[in-house]
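2 protein chains.
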Amino acid sequence: MLGLMERAKVRLYVDQPLGQGQTVPLDRDHANYLFNVMRMGVGDAVALFNGRDGEWRTEVVQANKRAGVLACQGLSAPQGEVPDLWLIFAPIKKARTDFIVEKAAEMGARRILPVLTEFTNSERVRVDRLQAHCVEAAEQCGGTYVPEVAEPVKLDALLADWDPARQLMFCDESLAGGSSALSGVVAGQPWAILIGPEGGFSEGERKRLRALPFAHPVSLGPRILRADTAAVAAMALWQDCLGDWS
Amino acid sequence: MLGLMERAKVRLYVDQPLGQGQTVPLDRDHANYLFNVMRMGVGDAVALFNGRDGEWRTEVVQANKRAGVLACQGLSAPQGEVPDLWLIFAPIKKARTDFIVEKAAEMGARRILPVLTEFTNSERVRVDRLQAHCVEAAEQCGGTYVPEVAEPVKLDALLADWDPARQLMFCDESLAGGSSALSGVVAGQPWAILIGPEGGFSEGERKRLRALPFAHPVSLGPRILRADTAAVAAMALWQDCLGDWS
Numbered sequence: 067m068l069g070l071m072e073r074a075k076v077r078l079y080v081d082q083p084l085g086q087g088q089t090v091p092l093d094r095d096h097a098n099y100l101f102n103v104m105r106m107g108v109g110d111a112v113a114l115f116n117g118r119d120g121e122w123r124t125e126v127v128q129a130n131k132r133a134g135v136l137a138c139q140g141l142s143a144p145q146g147e148v149p150d151l152w153l154i155f156a157p158i159k160k161a162r163t164d165f166i167v168e169k170a171a172e173m174g175a176r177r178i179l180p181v182l183t184e185f186t187n188s189e190r191v192r193v194d195r196l197q198a199h200c201v202e203a204a205e206q207c208g209g210t211y212v213p214e215v216a217e218p219v220k221l222d223a224l225l226a227d228w229d230p231a232r233q234l235m236f237c238d239e240s241l242a243g244g245s246s247a248l249s250g251v252v253a254g255q256p257w258a259i260l261i262g263p264e265g266g267f268s269e270g271e272r273k274r275l276r277a278l279p280f281a282h283p284v285s286l287g288p289r290i291l292r293a294d295t296a297a298v299a300a301m302a303l304w305q306d307c308l309g310d311w312s
Numbered sequence: 067m068l069g070l071m072e073r074a075k076v077r078l079y080v081d082q083p084l085g086q087g088q089t090v091p092l093d094r095d096h097a098n099y100l101f102n103v104m105r106m107g108v109g110d111a112v113a114l115f116n117g118r119d120g121e122w123r124t125e126v127v128q129a130n131k132r133a134g135v136l137a138c139q140g141l142s143a144p145q146g147e148v149p150d151l152w153l154i155f156a157p158i159k160k161a162r163t164d165f166i167v168e169k170a171a172e173m174g175a176r177r178i179l180p181v182l183t184e185f186t187n188s189e190r191v192r193v194d195r196l197q198a199h200c201v202e203a204a205e206q207c208g209g210t211y212v213p214e215v216a217e218p219v220k221l222d223a224l225l226a227d228w229d230p231a232r233q234l235m236f237c238d239e240s241l242a243g244g245s246s247a248l249s250g251v252v253a254g255q256p257w258a259i260l261i262g263p264e265g266g267f268s269e270g271e272r273k274r275l276r277a278l279p280f281a282h283p284v285s286l287g288p289r290i291l292r293a294d295t296a297a298v299a300a301m302a303l304w305q306d307c308l309g310d311w312s
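Residue numbers (the numbering used here), protein chains in the order written: chain B, 67 to 312; chain D, 67 to 312.
Derived from the structure by calculation, the hints contain no laboratory data. The beta carbon of each residue, even a glycine, is placed where N, CA and C say it ideally should be. There's no promise every hint is true.
Unchecked claim - FRET-style restraints, in silico, Cβ to Cβ:
hint, chain 1, residue 1, chain 2, residue 2, range
1, D, TYR99, B, PRO279, 42 to 52 Å
2, D, GLU214, B, ARG118, 45 to 55 Å
3, D, VAL193, B, TYR99, 35 to 45 Å
4, D, VAL193, B, GLY265, 31 to 41 Å
5, B, ILE290, D, GLY250, 23 to 33 Å
6, D, LYS159, B, PRO279, 36 to 46 Å
7, D, TYR99, B, VAL251, 39 to 49 Å
Same shape as in the complex, but just chain B (with noise of 0.2 Å):
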């Protein structure tokens, strides 16, 4: 890995892979980007990484407006690993639904899923502009991994497809008890964890979450938590119990 090198102060998700000796031609948007907008120019440095290599710092070698081409320097971060954690959320607005997918990149689920509930107001769900929201918060983060944005999906098929080993955490408003259904968990074992609606779940819905043998309810507390604040409470819960963050 680099050593004392100043660190690059772009930092960009590209989709080539990375590796020594390789060159990545850029796209007309990251043209544009780093030589219209950010003013750079040959001999620059920028942080590139796609989910597979590692940050690799990288030199301009050919800058013109619309195209340029970087060249891989050294890995400046090892490939990240984060822990196998879902968060399946149910659509809201859309300024929110940006922000829970924002936040579960910055906060290290490995993928993200959409779903439909009983009493989800569903508009329609865009995964190619969630999937850029967390390239784009993962630019931020310094992580070198992007959770993959799936499908919407309805509940009930997606629990009828359930891989019974993985766990999942589910936001139960009517419990007490914090994080303490955790507590005891084995660690290690893949994860998932559910925020309804603003409307919360339907009577139905939490009837068979609770018979699922692999659900675990959770209180978030005794106030009314926004689904987009529950998700990042849950999740910080989560990595501070069984994932990365002990």
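Chain B is already provided as a structure; the job is to place chain D on it using the hints.
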């Protein structure tokens, strides 16, 4: 308390005292909201709270376009307590500062203190706007308590004046360890959580914070969190370990 009566669909914060037999004159904004926006009228139910007297079910007894009167019918929720937790944060961009304040109200902070650190790009902080955000968050989250937003103060001045009985959770990116720094801490003490600016604390600030006998550095994992994410995550860990979630 009221039993089986239907819960009011609209919930508002007012300044006036609430209690049995009390009538509450509406200001122009509230009258406009109830009678024009929500199209309510005489006989409709509204839930009111003022941060002191619990939540009251009231009924519209006079409705004009620009004024109106509500009459208290009965207590619908007792006055809630929040733990003695302050959230201290360095103001960031407007939208994210608004967000931090909203989340602090939802997560049950008692007081919110904007603080100016060495690396704070201090845009002007409008305390009245932030206070209005707190009120809105409390209206939404069903809480009866509205945290107070303090005037911004420099970190040095805040620490010089600090009551050493108040413990300080300070989020330190250079640490590992999750919430383990909080285990073994006696519950029931006053606390504060300090969230640094996007650029982090300066070396001097970090040194000073670490030397404080009441400071408890806590890690929020291996990824860099934005200040708004860190605020929610830190409050979640605190509420879960030492607050009213468990």
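Among all the numbered hints in the text so far, which are the ones the structure does not match?
-> Violated: none.
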